[in-house]
Amino acid sequence: MNQGTQQDQHLTSLMRSAQDGDSSAYAALLNEVAPLMRQTVRRRFGFLQPQDIEDLVQDVLLSLHAARSTYDPARPFLPWLMAIARNRMADGARRHARRSANEVADGRLLETFPAEDTNMLLSRYGDAEALAQAMADLPPGQRQAIELLKLRELSLKEAAAASGTSVGALKVAVHRGIAALRKALGAKG
Amino acid sequence: METQELIKRLAADTSTVRRLHPPWRRAVFWLAIALPYVAAVVRSKLMMVDPSQTLADPRFMIEQAATFATAVTAAIAAFCSTVPGFDRRMLLLPLAPLALWIASVGHGCVQDWLRFGADGLAIRPDWECLPSATIIGIVPAIAMVAMLRRGAPLYPRLTLALGALAVAAIGNFGMQFFHFRDASIMMLFWHLGNVAVLSLLAGWLGAHVLGWHHAKAAR
Numbered sequence: 001m002n003q004g005t006q007q008d009q010h011l012t013s014l015m016r017s018a019q020d021g022d023s024s025a026y027a028a029l030l031n032e033v034a035p036l037m038r039q040t041v042r043r044r045f046g047f048l049q050p051q052d053i054e055d056l057v058q059d060v061l062l063s064l065h066a067a068r069s070t071y072d073p074a075r076p077f078l079p080w081l082m083a084i085a086r087n088r089m090a091d092g093a094r095r096h097a098r099r100s101a102n103e104v105a106d107g108r109l110l111e112t113f114p115a116e117d118t119n120m121l122l123s124r125y126g127d128a129e130a131l132a133q134a135m136a137d138l139p140p141g142q143r144q145a146i147e148l149l150k151l152r153e154l155s156l157k158e159a160a161a162a163s164g165t166s167v168g169a170l171k172v173a174v175h176r177g178i179a180a181l182r183k184a185l186g187a188k189g
Numbered sequence: 190m191e192t193q194e195l196i197k198r199l200a201a202d203t204s205t206v207r208r209l210h211p212p213w214r215r216a217v218f219w220l221a222i223a224l225p226y227v228a229a230v231v232r233s234k235l236m237m238v239d240p241s242q243t244l245a246d247p248r249f250m251i252e253q254a255a256t257f258a259t260a261v262t263a264a265i266a267a268f269c270s271t272v273p274g275f276d277r278r279m280l281l282l283p284l285a286p287l288a289l290w291i292a293s294v295g296h297g298c299v300q301d302w303l304r305f306g307a308d309g310l311a312i313r314p315d316w317e318c319l320p321s322a323t324i325i326g327i328v329p330a331i332a333m334v335a336m337l338r339r340g341a342p343l344y345p346r347l348t349l350a351l352g353a354l355a356v357a358a359i360g361n362f363g364m365q366f367f368h369f370r371d372a373s374i375m376m377l378f379w380h381l382g383n384v385a386v387l388s389l390l391a392g393w394l395g396a397h398v399l400g401w402h403h404a405k406a407a408r
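Note that the protein sequences, when read in sequence, are chains C and A.
For the first sequence, the numbering used here gives the first residue as 1, with consecutive numbering after it.
For the second sequence, the numbering used here gives the first residue as 190, with consecutive numbering after it.
In short, the hints are calculated from the structure, not lab data.
Please read these numbers as outputs of a predicted model, since none were measured by experiment.
Each residue gets a CB set at the ideal place from its N, CA and C atoms; glycine is no exception.
Any given hint might turn out to be false.
[To be verified] Below, a sample of chain A positions facing chain C; criterion: calculated Cβ distance under 8 Å:
#, residue
1, 204
2, 206
3, 207
4, 208
5, 271
6, 274
7, 319
8, 321
9, 324
10, 339
11, 341
[Said to hold, decoys possible] To spell it out: a stretch of chain C is covered by chain A in this simulated footprint if at least three of its residues, at any positions, have a beta carbon under 8 Å from a beta carbon of chain A; those stretches are:
#, region
12, 17-26
13, 43-51
14, 57-69
15, 128-135
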């Protein structure tokens, strides 16, 4: 008996148990079907991004789940599964074609200023733990001023009302706090 | 969502599944709902006509047999098309009885033309049979859609078009018993035209009525 037939018999038996309400057999079946589908989708749509391939695999699993009452255990499992997979892959290909038709690929990245820093699309601080520690080390007044003005983005007037200090004192506290943070993080980096 | 997470969710949703019966048996179930209803409608309308003459006409009997066979085979083909991995040759099943039905009506048209000349092929408005056609088709149509939705919507347009063909054919089968025997051209234009329009309309709506909506809802 060849390997394909053995695999089919194994999957048929899992599917039969799943139809009878055995959730562990169903989980085992889906865990065996998922890599099989990933391989099939990748072979047919090698040009897709990994997340698009995964989307199609999930689509097949959801469709298998929705159509599980149509499976007849007297018949082989793999042809039944592949009929669903082909149908979902055809739908996926149509979706991909529609999306591609509506998208315009533009390789140019617009530069507004020649300086390198101004052309960074995303700038974020990488070491969140060090930042949290530096914030914790600040004197309470400076920490509160930064939280109110920079994190909660309150206006100077609102922050002054919330903290009970003057606008001038807040300005000074923020200035000193930012300088202290820059120094602490710069020293660590 | 990660695939592993999806698998966990799907596996947790397992309950005993009621397996679908084979397509031919599902067609029998559908007929068991549709035929008594069609018979009841026919019975309520029979007092309007005397069926004895039409029942003695062999062409009428052939036409009725072809209409009924079209309904049965179209229903089987529609149910087959919702089973993954089905034999595609089953989709051709309604072609022979449908061709016989059309040929029978076409033969009547030729006979009318030979007998009455151009007058035998005159098409008159016949909107008064529309309410009867709607009433006779409503229960078979609801039953058909409900049963088709239990299958896999692999080819929703084709499936619903075949379902509509079955419904229109069983409706025509019933209507012939109480509808006045009309010129064949009227049968061709109004009755078979109605079948074609219904099937095309159903095909157009197929993806909305069937489709993999249940799969999307599970996400």
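Right, here's what the structure says about each hint:
no., hint, in the structure
1, 204, "6 Å, holds"
2, 206, "4 Å, holds"
3, 207, "6 Å, holds"
4, 208, "6 Å, holds"
5, 271, "7 Å, holds"
6, 274, "4 Å, holds"
7, 319, "36 Å, violated"
8, 321, "36 Å, violated"
9, 324, "32 Å, violated"
10, 339, "7 Å, holds"
11, 341, "4 Å, holds"
12, 17-26, "holds (count 8)"
13, 43-51, "violated (count 0)"
14, 57-69, "holds (count 11)"
15, 128-135, "violated (count 0)"
The structure fails hints 7, 8, 9, 13 and 15 (numbered hints given earlier, in ascending order).
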